[in-house]
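Chemist: Take the sequences, apply the hints, and build the full model.
Protein chains in written order, with full-length UniProt numbering: chain A, 1 to 491; chain B, 1 to 491.
Note that these hints are calculated values from the structure, not bench results. Please note: incorrect hints may appear among the correct ones.
All copies of an identical chain are treated as equivalent in the list; a pair is satisfied when it fits inside any one copy or across any two copies.
What the hints assert, rightly or not - Calculated pairs, DSS-like style, for lysine-lysine (alpha carbon to alpha carbon, straight line, at most 30 angstroms):
(1) K97 <-> K289
(2) K135 <-> K46
(3) K41 <-> K135
(4) K149 <-> K24
(5) K11 <-> K289
(6) K258 <-> K11
(7) K371 <-> K108
(8) K9 <-> K135
(9) K9 <-> K289
(10) K336 <-> K24
(11) K336 <-> K9
(12) K112 <-> K370
(13) K112 <-> K41
2 protein chains.
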Amino acid sequence: MASIDKVAKPKVLTTGNMNPRIRKAEYAVRGELAIKYEKLKVELEKGTPLPFKRVVGCNIGNPQALDQKPITFFRQVASLVEYPDLLNDKNAELTSKLYPSDAIERAKLLLKHIGSVGAYSHSQGIPWIREHVAKFISERDGYPADPSKIFLTQGASAGVQLTLQMIVEHPGVGIMIPIPQYPLYTATLAILHANPVPYYLDEAKDWGLTTEELERAYNEAAQQGIETRALVIINPGNPTGQCLKEENMRDIIHFCHKHRIILLADEVYQANIYHPEDHPFHSFKKVLKSMGPEYEGQELISYHSISKGMIGECGRRGGYFECEGLDPLIMDQIYKASSISLCPNVQGQIMVELMVNPPKQGDPSYAQYKKEYDDIYFSLIARAKKLEKLFSSLEGCTCNPAEGAMYLFPQIRLSKKAIEAAEKAGETPDQFYCMAMLEATGVCMVAGSGFGQVKGTAHFRSTFLPQPELFDEFCAAIQKFHEDFMNKYRD
Amino acid sequence: MASIDKVAKPKVLTTGNMNPRIRKAEYAVRGELAIKYEKLKVELEKGTPLPFKRVVGCNIGNPQALDQKPITFFRQVASLVEYPDLLNDKNAELTSKLYPSDAIERAKLLLKHIGSVGAYSHSQGIPWIREHVAKFISERDGYPADPSKIFLTQGASAGVQLTLQMIVEHPGVGIMIPIPQYPLYTATLAILHANPVPYYLDEAKDWGLTTEELERAYNEAAQQGIETRALVIINPGNPTGQCLKEENMRDIIHFCHKHRIILLADEVYQANIYHPEDHPFHSFKKVLKSMGPEYEGQELISYHSISKGMIGECGRRGGYFECEGLDPLIMDQIYKASSISLCPNVQGQIMVELMVNPPKQGDPSYAQYKKEYDDIYFSLIARAKKLEKLFSSLEGCTCNPAEGAMYLFPQIRLSKKAIEAAEKAGETPDQFYCMAMLEATGVCMVAGSGFGQVKGTAHFRSTFLPQPELFDEFCAAIQKFHEDFMNKYRD
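Modeler: Structure below.
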């Protein structure tokens, strides 16, 4: 009997009977390539001989994993609020030797309003911080913002998931998303059992966007009986890096208003603007407000994050969204849904406070803050340009410049032989190319198929975040790999 | 025309067409009473005269909001990893005057393994921390644990939501939950469109649990065509505070094994054990492993958190779950689903590390750690007993002792007159009682209807977390309110 008992029973939960919507969801940024990358990293640490000395994660916008220094003032404040004994009279003298006076003052102020970073906060986020977010938005846009319409979140992703969840009433609901898109959107829509309604960005026009294409997407969905409720726009674009022109944004708002569609504006890269004269950032909130009373009441949710910009505090999970024009009863429901997860983590909320309320001119920490911020900013511009130049120079490769964000998304034209080899390996050509690159160089990029692309084309997304001092070496490795790959599979 | 344009259009999203499952979800711990409590708090801050000097939030286990001191060593490490410059040679001398050497060593070790608290980590949690969690579990239970089966989370709630989401395939799936229960479960099941299959804890037997009751619940659900897939157990209980006997736990495991049900063990209060001789904590993992090869392969997910115990770091959002006996392909799916939210916040992960790996005897910080821990522990025991004694002494009130957790859940027998007054106010009697208490005393408790209770009974849940130095005043206020309330509504 014992031997029979020992035979493993089939499991209650299998991939055959699990939640089919989770099974269906895909998230390429941390998919097969990223898993392989993690394995190579462990191999390298173990001392296994590999054709490269280090792995480089360009699959995800994770600046501090590639040694980007955090903003010192932000971390000083975070450090002080963790250990309030530092602020006691007894320690004041020592503390003042390690921390600047404005960091100490800010920490005291925060603790006065928060109590302890270890206590649950208001589910919507600490009211005092939301007031500062509102002030930041109103100064950015020139239009008022209301703290009661702002929700602090565990990163923008959590905000997107929460708000999409509110909107999806039934499986016939459609949400318009750009192609290429950030796969958070397709993954979340798969889980919510909603229909992605794809509209295509035009690569030939710097990933621009036309109302004609929006109308086409909307109408096609309507013909299939899909009820389009919301439109997601990522500006600056991910993976495409485009910054929308104000005129274009007015068209999009007009389109949403006309068709009664909620606008969801993912603006997490609003500080990553690399051609501010030609391609400045405009928030959808500002453009909407500028369009006058006819558009008053248009429903708009705008997302922001501490993970991007020059801050790059991804691991902390902080962000916010602002609701404009929403039914107050819906706001109550968003609050209730937030409260089930209790509250966003308080250290993430504190970083939102610091993002929207950094040192000001005249503050003791201003000069250092400004220098650190600018160093990162100008270095990102330089690296973006260098990598774009490299990609544009590669055989069969074209690449639009990054107007914003943290990515390049070049198109690559592969040989028949390469496409056949990919097929044989059971992979899409772009995935095959990226896997070959990873194995040869240790550099992890993400295949375009993870973001969506025009059928028959192949792309890949790379961050331009590798360390400045290693950047030339990184570029050389890609160049060499590409040449070898093209030669190997030459028709 | 302008005036017509200005008429507010109906909204795209209303409570009439939003996601009906969110609309249906209820979360009493932060519901109507908590919202009123927040309003009273603001009123008090504004100086509005109210019948009390302070509000007291007993609606939620949030120790640090009621001035419980965090564990100093934990915060010292958290403070150091935020500001790594403190660890530089240049600052070493000053830092060593503010931080003990073992906190400095631990911070260095953490940074070596993490890199930066501002970088996204592995989606499953930092491997090095998961190794320590596995070590903690194996030392606690005497059976091995595997880091690859452990997922770090943003609090136990996020783990519960994620894993329940995996299990619910279709609207016919049932999940057994205790009544009374922590409303996270009913809220999450409502959102997932699954059936709660309630089983009742027996108040007359110290909130004990019988297999007969489990069978009854299971069979009734089966008769309704519900496919029961999992059973949630909260041990120590919330809101009930019971600690299950080992024998009872074997029965539950046997029940799950027999009916092919996944066991979900919410063990977040495992350190809050107030009668360790009579009512020690046993983990379900340990009891399962002790039951021999016949039960090998039983699917079990166990949750733990940094929010409770003597740590009380709720605002940080950290925790973990351990998977036992799950299909490896399901583990891959859990990993994928985790990766869509990128990673749990790193400061929360660090607190998990400190929880499972606190200072050891002989370490410089051990004596202080031990003293702080014990002070909180013995004070919780004393406060639990004091409040239990008060509740038991109140007219019409009976109260089981708290064997564990942070709550008492007394039953209150209200007069006909009070029940009529509640009806007139459109409230359940327990909600009516709690609202009256809040308005008279500033003390916020949660009505039993938020947790579920036997029909026709009325309960409320209170934490015993108010500050020791204010505890007598707190008890006196409740006593006075209760007498007034009973007199006012005497039949």
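Chemist: First find the shortest C-alpha distance between K112 and K370 inside one copy, then the shortest across copies, and answer within, between, both or neither for a cut-off of 30 angstroms.
Modeler: For K112 and K370, both the intra-copy (27 angstroms) and inter-copy (28 angstroms) Cα distances are at most 30 angstroms.
Chemist: Is the C-alpha distance from K11 to K289 at most 30 angstroms within one copy, between copies, in both cases, or in neither?
Modeler: between (55 angstroms within a copy, 17 angstroms between copies)
Chemist: Between copies, within a copy, both or neither: which fits K9 and K289 at Cα up to 30 angstroms?
Modeler: between (62 angstroms within a copy, 16 angstroms between copies)
Chemist: Tell me, please, which holds for K336 and K24 at an alpha-carbon limit of 30 angstroms: within, between, both or neither?
Modeler: Both ways: K336 and K24 sit 28 angstroms apart in one copy and 11 angstroms across, limit 30 angstroms.
Chemist: Up to 30 angstroms between alpha-carbons, please classify K149 paired with K24: within, between, both or neither.
Modeler: between (33 angstroms within a copy, 22 angstroms between copies)
Chemist: When no copy is specified for K9 and K135, does a C-alpha distance of 30 angstroms or less occur within a copy, between copies, both, or neither?
Modeler: Answer is between: at 28 angstroms across copies they meet the 30 angstroms cutoff, but 60 angstroms inside does not.
Chemist: Can you tell me if K258 and K11 fall within 30 angstroms by alpha carbon in one copy, between copies, both or neither?
Modeler: between (51 angstroms within a copy, 13 angstroms between copies)
Chemist: Can you tell me if K336 and K9 fall within 30 angstroms by alpha carbon in one copy, between copies, both or neither?
Modeler: Close across copies (25 angstroms), not inside one copy (41 angstroms); limit 30 angstroms.
Chemist: How would you label the pair K41, K135 (within, between, both, or neither) given a Cα cut-off of 30 angstroms?
Modeler: Between. Shortest inter-copy distance 24 angstroms satisfies the 30 angstroms Cα cut-off; intra-copy 44 angstroms does not.
Chemist: Could you place K135 and K46 in one of the four classes (within, between, both, neither) given a Cα distance threshold of 30 angstroms?
Modeler: This pair counts as between: shortest inter-copy Cα distance 22 angstroms, intra-copy 50 angstroms.
Chemist: With identical chains, the pair K371 and K108 could be close in the same copy or across copies; at 30 angstroms between alpha carbons, which is it: within, between, both, or neither?
Modeler: both (25 angstroms within a copy, 27 angstroms between copies)
Chemist: Quick one: K112 to K41, C-alpha cut-off 30 angstroms, is that within a copy, between copies, both, or neither?
Modeler: Between copies only: 15 angstroms across chains, 44 angstroms inside a chain, cut-off 30 angstroms.
Against the hints set out earlier in the document, a violation occurs for number 1 only.
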